[in-house]
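Chemist: In case you want the letters, here they are:
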Amino acid sequence: MTAPASAPSAPSFWLRARKQKRFAFGMGLTLLVVAFALFAPFFAPYGENETAGPPYSPDGFFGTDYIGQDVLSRLMYGGVGVLVVAVLATVLGMVLGVLIGVVAAYAGGWWDEIIMRLNDVLLAFPQILLALVVLTAVQNPAPWVIVLLIGVSHAPRVARLARGVALGIVSRDFVAAAEALGEKRSRVIMAEVLPNMVGPLLAEAGLRLTYSIAVVAGLGFLGFAADPGAANWGQMIYENGLGLATQPWAVLAPVLMIAVFTIATNLMADGLAQLSQKEDSR
Amino acid sequence: MNQNPRRDLQLSRRQLLKYSGVGVAAVAGSSFLAACGGNGGSGGGGGDEPQSSGGILIHGATGGGSKDTLDPHQPVTNPDIARVCNLYEPLLIWNNDYELEPALAESIEASSDARTWTIKMRPGVTFHNGKDVTAEDALFSIQRFANPKAPLSAGGQLSQIIDFQSTKAVDPTTLKLVLNTPYAILDTLLAEYTAGIIPTDFDVKNPVGTGAFVYESFEPGKTSTFTRYSGYWGDPAFVDELQIQDFADDNAKVNALQAGQIQTVDNLPYNLIDTIEGAGGGVLVSDTGAWVPFTMRVDVEPFSDVRVRQAMRLIVDRQAMIDQTLSGYGSLGNDLYAPFDPAYASDLPQREQDIDQAKALLQQAGQEGMQVELFTGDDIGSVAPAAANLFVEQAKLAGVDVKVTKKTPFYDDDYLSYPFAQDFWNTRNYIAQAVVGTFPPEQGGTYNETHWDNEEHRSLVNAAARELDETKRAELLHDAQEIEYEEGGLIIWGFRQQVDGYAAGVQGLEPHKYLPLGAYRFDKVSV
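Those protein sequence lines, which keep their order, are chains C and A. Heads up: the first sequence begins at 1 in the working numbering, then just goes up one per residue. Heads up: the second sequence begins at 1001 in the working numbering, then just goes up one per residue.
Among the clues, some could well be false.
Unchecked claim - Covered by chain A, according to a simulated footprint, are these stretches of chain C (three or more residues, beta-carbon under 8 Å):
| id | stretch |
| --- | --- |
| 1 | 46-57 |
| 2 | 62-74 |
| 3 | 232-243 |
These are computed hints drawn from the structure, not numbers from a lab. From a predicted model like this one, the values you see are computed outputs, not experimental measurements. Every residue, glycine too, gets a C-beta built ideally from N, C-alpha and C.
Please put together the full structure from these sequences, using the hints given.
Modeler: Here you go:
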């Protein structure tokens, strides 16, 4: 009897992914933006809330904003908040979603039906709407509230995909073999099912990260950022919208950063998706 | 039980704020002339060419909605105020310099004890339906807005002091107003734009007033149309038709002005002045007595210690506030309001940022490195959140850690209970402002954000309100202001200038200290 036909393991998938041009480019760009967000504050010419001149003046590289703060400095400070919230929300959404999806697929039968129909109900809510409804009710939301809202709203979408992928795995021989050996269900999921879902899940994570950034920035743009004084790319667009004609960089600079970052994460996700599709068809 | 009075309070707060208008101000000479210069000589303030008649003037305003109204006595939003100012007129009006001038009243005189006021109506004034304006109409209007059971915007104080049993129209041109207490500045209360005179058979669905424009059509939240009143008692309007259009936000309003779809806008955002001037439009700048204070509650920690309040007043960099949040369009404040009141205490030393002294005061009060939460909100106006963010940085210099909390909405049930917050007030004279903003609620202080309760201050203000001799009144008010200057809970860092925009070719707009766009007097404007 041959050993269970295990699907590609995580490290080898990673190695092949790096050779994929689309993924490599997206990954490189993402790392650049992340590095900018993390390290730029140390090089910013002004403080996050320091005024550098009159409002909407051309002083400085990108000029000043609605109350005269230096746009370049705010751009340098404004990435960390968006990034941290977006990444944490994505992780939360992935963990919750995968858990729900895999359990539904593995349990099957009525459990599957009940879990997935409830999931469908949640899917009916547009993501940003859910966040807005709660944020309007909560005064002065802490950053973790935003993480929770975005993460939870990701979960049903991830769950749907995770279930689909897991369904194809739970019926395969190596899973049946593991069950036959009397392994615990949790161990079967962790050791046999999940490692074989890495490709599609990574692609989904990249996609979710893109959405997270869009929602975090969108909430800032709508005036729901956690700290009204802090630099935050989305909030910068909101604060300076009126000055678009006078001092366009106050709006365009954060717009460009968000655009580059979402394109980069999307390319990364797309590359991963192509790769996992190729492997499926092999 | 507690909920209802608060709701009422919230509603009347909005009305009251609007009643004093989006207070405007005096000619900012140089800026104003510069604005006209940028307009190719046909400036709104005073071009060289004579004004021509005819055409349609379209005014754009933000803030309106489905609750828009044509009621003369309870306008709430800016488009409401613009409509009211063109349809109706009060007995007296505030002129461009915030001084009283007769309007529908020819004269108004107080008895020697300031308890009986005789109002002579201007002869020859007619309502839009052709009916003569009589003392009966004036009495009817006053009874409507100063109804003791349900006073409207202008009637808050009047409803408490008018003795309606003894007040009567003596003949068609004479109204005798009798008060139950001496009140020396009754005339100022009758000059509010929310005190318009309407006929005894007034119907808000087909509104009739005495203004230079006649009602034509009205769609709440969208647009309203008015035509020139040929029988107007003053100079007739230049334009044939006036339209007032609601806009959802400032962006849309400014874009419409730049595209030539509308001719005037009120409340231009400060940081867009250059944009409008660059695009060939004109900017009308007026000094005002309008202010956006920080409010410290004097009855809760840490602000119950007067040294903490004094320290906070020394922390704020007043000029930086004006430069950054008003783009420089403002004048320095000295923690006192009512700058246009003849009794304004301009001799008190101008307070300036003094971080060392602030630190020393905080140390004495045992509040070194104190942490405070500052409540702000978009509904206070765009200046407020910007000022809050700036204050955080200024406070850091004195080791004070300020955390800004943005409330949406700010004016909810928590309003008036925030320990440290912001607010906005419009142009008003001292007594009216002191009553509404620093007296206990049961004595008229409906918006006493700082919970200030000072017996000595109150008796000085009350004595001044009864004093007919202006010199003596000014002395009393000076003493009252000194108390607030030393111990008060308000940080008044500046008075903002009113900035309005107009398209090239618009003429006749004059800066006004009380309301935007020359108090919305579109009858003086030609296109």
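Chemist: Now tell me if each hint is right for this structure.
Modeler: For each hint, the structure was consulted:
1. With 7 residues having a Cβ less than 8 Å from any Cβ of chain A, the stretch 46-57 of chain C passes the three-residue criterion, so the hint holds.
2. Interface restraint, the stretch 62-74 of chain C with chain A: holds (3 residues with C-beta to C-beta distance below 8 Å; minimum three).
3. With 3 residues having a Cβ less than 8 Å from any Cβ of chain A, the stretch 232-243 of chain C passes the three-residue criterion, so the hint holds.
Consistency with the previously given hints is maintained throughout, with no hint failing.
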